[in-house]
Amino acid sequence: MKLSMKLGLLVGMLSIGLVNCAAKKIPKAPPDPKFTSIQKISVLPILDARPGSKAKVNLRSLQSSVVNTLKRKHYPVGAEEATSSGGQIDVDDLESADPGVVKKLGPDADRWVMIVMLNDVHSKITFGSTGNAEMSGYLFDKADGSLVWKGKGTGTAGQGGLLGMTMKGMMNSAALESAVAALLSTMPNLPKSR
Amino acid sequence: MLDAARTGIGIKASIVDLEKLDPAADEVCRNLNTLASRLSRGNLNDDASKLLASLSEIDLQYAVLAQSIRVEAGVGATWNPNTGGISSSTASTLLQTALISAKTGKVIWKSEQLIRYKAARPADNSMGKALAALFKDFNVEGREAK
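Protein chains in written order, with this note's numbering: chain A, 1 to 194; chain B, 1001 to 1146.
Just so you know, these hints were derived from the structure itself, not from any lab. Beta carbons are placed, not taken as given, at the ideal position from N, Cα and C, and that holds for glycine. Hints may be right or wrong, so weigh each one.
Unchecked claim - Residues from chain A shown here face chain B by an in silico Cβ test under 8 Å; the list is partial:
1) PRO51
2) ALA55
3) SER84
4) ASP90
5) ASP92
6) SER96
7) ASP120
8) GLY151
9) GLY158
For reference, chain B alone in the conformation it holds in the complex (with noise of 0.2 Å):
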């Protein structure tokens, strides 16, 4: 997703990973960790707030990237022959992805990819297909995002 990401941000933003970060700002960015898939929803709490509070003491310029990746294994496709009942697969994978602001700590941007009927693999076309789509319309222009 990382990779995904960075390929889909392209120019638009600067991305700065967390080993380059000063040591502060790396702090509170494990901290943020922990809160990961609900900062990917765009949904903050107060923990996150006050963490995100005090990254734009570090420097006002920064925005939090949160990724997460919620994959179920459900039962497969079935065809009964005698009723002629059918079903779909009950497995999925969500991709979901939200920028915030540190200094607003308000979304910037945010994203999200369903794939129906699949536990996707890293290696599959649809996980391929879905992390371009999710960074498909990624636009911070006259935000204030780093």
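Looking at chain A on its own, in the form it has when it is part of the complex (with noise of 0.2 Å):
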């Protein structure tokens, strides 16, 4: 009798649980008008803003990372070979959204532009060896010279004991990757067709 008891009051509160979960379910919302409007991202080669001195990273295989992740999220995407008609680009002239840099982004054709900055990369052994990365990126709508999109990324990597110390020379790299996710994260995913 008491097992039955037992039982009953479980399932009870299985069915409960249950319910609960179902009821805090909420239903997606619809990407925001902006991101599904666009119709092509031209990523533009990496900016290389790290201070101090630079450890060796390839840029290109870093744009293609940001591509294929961008592709992943369903965005029509191409990776771009220059970065701007003319100057130097600061990081205040992209927080601002200067319109006088943002239309010179990329080739005249191409509307929706991402530039990603690279801003640190560094690795070090410890108790192990770690990896650190902190990339940050930029969507512009050059129609009306918006800033669309930002975001921030830090990715960390790293291996404690001796196996970790001779891993040192991956732990860039993962950083990168680490990072590269981390900065598109807050980049809404897109329906598969549209």
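Join these two chains into a complex; the hints should help.
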């Protein structure tokens, strides 16, 4: 008798839990129209904004990584060869969406341009080895010069112990991958077919 | 940073405080202040070039020393005893400075120091060391700086 009561209580609690779970499920909001209206994002070459001495980084491969991540989010995307038609780009221009600078970004025919900056990447030996990377990105709509999206991503990698120490050479690239994922995590996923 | 600049520059150039500038130069410098972070990276835009040109009209010998500090308070170091995964702190402190000639609008000297893994406080040893290193190679010999 006691066992059946306990079982009944357990089933009752489980069913309440399931009902709660079902009730808490929030329907997915449709992505912002400013993202769904994008026809093609042109990803400009990665800007190396690292201070001090610079470790060797394959910026082209990093650009490909950004392109591939955006593709996985179902954005039509392409990699560009040139950053700007003139002048030095400063982070302040990007933060303030300076119309004079935005207009010059990427090829004239491209409307949505994404510029990604590599702010830092570094690895070190400790009780193992670690790697840190920091990136920031901006997406502009050149039609009206507006800043559609901006984000910042920090990536970390690391492994402790003697084995970790031997892996130092891999830490920069692992941290960079993680930083790209973190950077673009705030870009909404688009539906597969639009 | 101002004290560090005074110590680092020493007798290599004469430093004029904003308060002691004549009113016209003072106004130009206050306008340049809004562009300080850009100038400290040695990056000039049209606005900065115009302001520097107007400063050179007052005195051709003027040069502007711009300084900026960026402190990022990231997450601390971690260790996962289950996987052996570790990570270093993502905090950092970046000090940047540049000396720009008002006459030519060109960067005479610039320097930067990055303190990794730490959001440094003014009293920290690492901050003192970084500030000293920032001005270690300051040299304007043979250049038009005041």
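Next item on the list: Could you tell me which of the hints above the structure violates, numbers in ascending order?
Entry: 2, 3, 6 and 8
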